[in-house]
Amino acid sequence: MQKPRTIEGTTLFDGAQARKGYALNKMCFSFNDAANRAAFLADEDAYCTRFGLDPRQREAVRRRDVLALIEAGGNVYYLAKLAGIFGLDVQDIGAQQTGMSKEAFQARLLAAGSRIFPGI
1 MQKPRTIEGT TLFDGAQARK GYALNKMCFS FNDAANRAAF LADEDAYCTR
51 FGLDPRQREA VRRRDVLALI EAGGNVYYLA KLAGIFGLDV QDIGAQQTGM
101 SKEAFQARLL AAGSRIFPGI
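Taking the numbering used here, the leading residue of the sequence shown gets 1, the next gets one more, and so forth.
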């Protein structure tokens, strides 16, 4: 049996993560339906209970911490629905991943873009 692959600072989504995050990802998939998004917003805790989220996952939901949700087994593609409900966009998530403020992350993106595409 092979040793699990690791990348420093990165949570790999593998079979173990999928099993750990099954309830969380199932809940996030439910957000494809507008009525479910509304039910979540009306009572987050009850909605999390309905899907059987564990305490770590519930706390990450309360904190709006996408990185903690990934560590708790969340699949980034499913978590995108939850992040949208939280009002977070891709730049908010990038800022969380880099430990920067959103404004600092945006400035970093603009600086990188001007190096790649001079004159922008």
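Keep in mind the hints are simulated off the structure, nothing from the lab.
The reader is advised that the hints may include incorrect statements.
Derived Cβ-Cβ restraints for the label pairs, each shown as a range [what the hints assert, rightly or not]: (1) ILE116 <-> ARG56: 37 to 45 Å; (2) ARG50 <-> THR98: 27 to 35 Å; (3) GLY15 <-> GLY87: 25 to 33 Å; (4) ILE7 <-> ARG108: 27 to 35 Å; (5) SER114 <-> THR49: 45 to 53 Å.
No residue lacks a Cβ here, since even glycine has one placed at the ideal position from N, Cα and C.
Each hint, compared with the structure:
no.: 1; hint: ILE116 <-> ARG56: 37 to 45 Å; result: 39 Å, holds
no.: 2; hint: ARG50 <-> THR98: 27 to 35 Å; result: 33 Å, holds
no.: 3; hint: GLY15 <-> GLY87: 25 to 33 Å; result: 32 Å, holds
no.: 4; hint: ILE7 <-> ARG108: 27 to 35 Å; result: 21 Å, violated
no.: 5; hint: SER114 <-> THR49: 45 to 53 Å; result: 48 Å, holds
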